[in-house]
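Chains as they are written, first to last, in numbering that gives the first Met the number 0: chain D, 0 to 576; chain W, 0 to 375.
FYI, nobody ran anything at the bench for these hints, they're computed from the structure. Quick caveat: nothing in here was measured; it's all calculated off a predicted structure. Each hint should be verified, as a subset may be incorrect.
What the hints assert, rightly or not - Pairwise CB distance ranges (calculated): (1) Leu319/D - Thr55/W: 51 to 57 Å; (2) Trp311/D - Leu374/W: 41 to 47 Å; (3) Asp139/W - Pro150/D: 53 to 59 Å.
Stated by the list, open to error - From the structure, some residues in chain D lie toward chain W, with a derived Cβ separation under 8 Å: (4) Asn127; (5) Pro132; (6) Arg133; (7) Ala543.
Just so you know, even glycine gets a beta-carbon here, dropped at the ideal spot from N, CA and C.
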Amino acid sequence: MSSAVAPTPGSRAQPRAVWGGSPLRLLLWAVPLVFLAVFFFYPLGAIFRLVIVSFWREGLDPSVVGAITRPLGFTVYQAALSTLFTMLVGLPAAYLFGRFQFPGKGLLRVLTTLPFILPTVVVAASFNALLGPRGWLNLLLVEGLGLTAPPIQILNSLPAIVLAHVFYNTTIVIRTVGSAWEQLDPRLEQAARVLGAAGWRVLAEVTLPLLRPAILSALTLVFLFDFTSFGVILLLGGPRYATLEVEIYIQAMSMLNLPLAGLLSAVQMACTLLLTVISSRLAGESFLPLAPRLRGEGLRRPESLTERAMVWGMVTLLGLLLVSPLAALALRSVTRFEANRGQRGAVEQGFTLDYYRELFVNRRQSIFYVPPIAAARNSILYAGATVGLSVGLGFLAAQSLARRSRVNRVFDALIMLPLGASAVTLGLGFIIVFNRPPLDVRSFPFLIPIAHSLVALPFVVRVLHPALVSIPQSLRQAAAVLGASPWQVWREVDLPIVARAALVGAIFSFTISLGEFGATAFLARPEFPTLPVAIFRFLSQPGALNYGQALAMATLLLVVCAVNIFLLERVRLNGAE
Amino acid sequence: MVTRWIPIVLIVVLLAGCAGAGGSPTPTAALAVPEATAAPTATPEQAGPPAGEGATLTVMTHDSFAASEEVIARFEQENNVTLKFLPSGDTGSAVNRAILSAESPLADVFYGVDNTFLSRALEAGIFEPYASPALEAIPDAFKLDQQARVVPVDYGDVCINYDKAYFAEKNLAVPQSLEDLTQPEYNGLLVVENPATSSPGLAFLLATIAHFGEDGYLDYWRSLRENGVVVVNDWETAYYTNFSGSSGQGPQPMVVSYGSSPAAEVYFAETPPAEAPTASIIGPDTCFRQIEFAGILKGTQNRALAEKFIDFLLSKSFQEDMPLQMFVFPVLPEAELPEVYQQHVQVPEKPATLDYETIAQKREEWIKAWDEAVLR
Chain D
0 MSSAVAPTPG SRAQPRAVWG GSPLRLLLWA VPLVFLAVFF FYPLGAIFRL VIVSFWREGL
60 DPSVVGAITR PLGFTVYQAA LSTLFTMLVG LPAAYLFGRF QFPGKGLLRV LTTLPFILPT
120 VVVAASFNAL LGPRGWLNLL LVEGLGLTAP PIQILNSLPA IVLAHVFYNT TIVIRTVGSA
180 WEQLDPRLEQ AARVLGAAGW RVLAEVTLPL LRPAILSALT LVFLFDFTSF GVILLLGGPR
240 YATLEVEIYI QAMSMLNLPL AGLLSAVQMA CTLLLTVISS RLAGESFLPL APRLRGEGLR
300 RPESLTERAM VWGMVTLLGL LLVSPLAALA LRSVTRFEAN RGQRGAVEQG FTLDYYRELF
360 VNRRQSIFYV PPIAAARNSI LYAGATVGLS VGLGFLAAQS LARRSRVNRV FDALIMLPLG
420 ASAVTLGLGF IIVFNRPPLD VRSFPFLIPI AHSLVALPFV VRVLHPALVS IPQSLRQAAA
480 VLGASPWQVW REVDLPIVAR AALVGAIFSF TISLGEFGAT AFLARPEFPT LPVAIFRFLS
540 QPGALNYGQA LAMATLLLVV CAVNIFLLER VRLNGAE
Chain W
0 MVTRWIPIVL IVVLLAGCAG AGGSPTPTAA LAVPEATAAP TATPEQAGPP AGEGATLTVM
60 THDSFAASEE VIARFEQENN VTLKFLPSGD TGSAVNRAIL SAESPLADVF YGVDNTFLSR
120 ALEAGIFEPY ASPALEAIPD AFKLDQQARV VPVDYGDVCI NYDKAYFAEK NLAVPQSLED
180 LTQPEYNGLL VVENPATSSP GLAFLLATIA HFGEDGYLDY WRSLRENGVV VVNDWETAYY
240 TNFSGSSGQG PQPMVVSYGS SPAAEVYFAE TPPAEAPTAS IIGPDTCFRQ IEFAGILKGT
300 QNRALAEKFI DFLLSKSFQE DMPLQMFVFP VLPEAELPEV YQQHVQVPEK PATLDYETIA
360 QKREEWIKAW DEAVLR
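With the rest of the complex left out, here is chain D (with noise of 0.2 Å):
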């Protein structure tokens, strides 16, 4: 913090004191700006540019118009839909780990995060073998039962859509909202309850008007996510659906169409924009500076009945809805189905490690070959790259925007636009503009972690910004007061407050570069292929070795993932405890 004293939270600043006068306050705007710039902005505009050239030549087709808002409303209709039910079911799971100590919680947090990491084409295969027409719950039912047909016809529709995105994205609320509500000062609502308040009412009017902030970071979030979800859609929903990154996909690459692409692509950015313009307002009105507790304080092991049901129902939820497709996942990967002895119906089952001990050997002497320790060794070097990238620029980032302004108003909304931005656009425009030295996709080892790192940033900006905000500007001029250093200041009051947030931001970004979120595909490297790479080679060719490998390697990604996850939340922060 600057030696001169910010402007109260809530209050607009004058321009001047948005560049509180100090070049280093430009400078904590500059780097993530510049980062942006050339990251994003540049390829993209250099997109835009081809597809203004290409209809300024060619003139608008009227049918264009159709074929923007036809996905454009299916896109909006499904994610409020996909975000509703992630919502209802991740409130909850916030408030049971914000509020409640039970056995198992650490286990069940990491492995609630998992879903985020998985290629959509695995969870297309473990939803399969858990809900599909020969999947684990439909042969149980039609054994138990005595039926003749398979009871439950999920895949290929929109519930299937919703299923998979409450799978993927209620982690986002999870650990956005339920970090937040770990730290609310248990006291306010002690309080309220002492003065004769109803459970709920304490609820409505202390607990969710303070945790206002987290809730619309995590709504924010997820609906973007769900707004721009191409995977699910493509492999669950089936061909009838299609949202605009899919109709972006289809164009680009199929119809070969660049500027219909850019131009949906570009309303999908202007949706973006407006949405983060929105919920920006929304939350600019209700941080309440407010003391955080001491880590834990809050937590108590639940008492009475509804106490009691309400944790263990809330666990046995999250654990069929999160857990039991990642648990179908690994079980199948050591499962020998003698699918080609034709006995149909009644499979021949065994336990089988052929799957894990076929992935060290290089069969076919394939110069693609991946050795599964490589492949885990680089995933874990770019993500902890992204990690590195995105949590430093984040911090600079969330710190200047702690103060608000319009200036910053506008900063906040660009750094979330990566989130909107079309993939495959953001690919195509890495491959235009970034072809000679030194950034070179062919050569400079940098490209995917900050490809990773733009859709990050905004994750880890989102859960670093409410802490920043919460922080009371009293204890700061406190510390001032007392004969701290700016430095001292930031170290001692700033950093362990929102140390947790920013665990909470690194562990976002450590999973979106193991899952390859965004326009990887376009920079993938052969000498450095990652674990997800691996998984496609696999189940792109024929073969129960090739199917079984591919479930294998996925298993190896969760595991990878949940060993990082693990060792990462026991990273104690300076001063975090």
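For chain D, the structure is supplied; the task is to place chain W on it using the hints.
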């Protein structure tokens, strides 16, 4: 002022260090660049002895490209060159990428444009003609471009695969033609891919257009729709989720896949069976022939080496390597097929084809019409 940045750097190092600590035993430096520690990976460059001072030749391909270490290493050695491969997504993505980067090409050679995308690539003028002497041994039927801007390298048939056990168990005759598929006994038994998102899906659509003509194919698809044809977006879902003959054990016993898939099912089985669990339907026009091409990208600085690489793609050693690496057929007649192909692959006598220029002109129109007829 410098001290302000210490905590950030600290966090970065801590987190990255922690990230590196799990799962993998090797990395020691916390913020190591992948290159620093990735040495033991099997990379193309390390496939053979170091190429010394030789040049680097970059080859842009689709993601399905694969080859044996040994074959690639021999080329590198003989020509004192390092080969660098640039997988760039599926065929459409790769072609797009080559076209978009035409002004300063990312590679010297492009491999993997097929007859459904060829016209588009040729119109964009991304290739330099090269009449390779190796072309003489290749049958004329494969040489679609008279100016030799691209050379044919491999071909494959997109065919309907069926689950042998299903048809045997139900005592059901295997359909022999496209028309058969509309019969009521095959109701709900076929899964196809969306031609807008999948290359085999497009190939199958083209087969029906070749067979029924532009006036008839939509009626055919309407009757397929009435007969419960299942459409999914990608080959992976169709084959692994919907098809009953694969490991996914889905509900449909017929799938649009490749003529070589039965051989792959044997080759990649846990315990190789004597007989393939699946087979292709190879009636007239039930399969569509895809031919893949390679060409020298305009603006290359390595023209001489690029020519050698094109010759190499047509050489016997590479042509014989392809079938088990990419599950495609060699265009060179003298290249011998591996045993698993000889035993388990059926080659259609009369695969469907369409003129590649017509495909380029009409593809968007055809796909849109198909979408209206089948999905809406």
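Going down the list of hints, with the structure as the test:
no. : hint                            : verdict
1   : Leu319/D - Thr55/W: 51 to 57 Å  : 53 Å, holds
2   : Trp311/D - Leu374/W: 41 to 47 Å : 44 Å, holds
3   : Asp139/W - Pro150/D: 53 to 59 Å : 57 Å, holds
4   : Asn127                          : 5 Å, holds
5   : Pro132                          : 4 Å, holds
6   : Arg133                          : 5 Å, holds
7   : Ala543                          : 5 Å, holds
Of the numbered hints stated above, none is contradicted by the structure.
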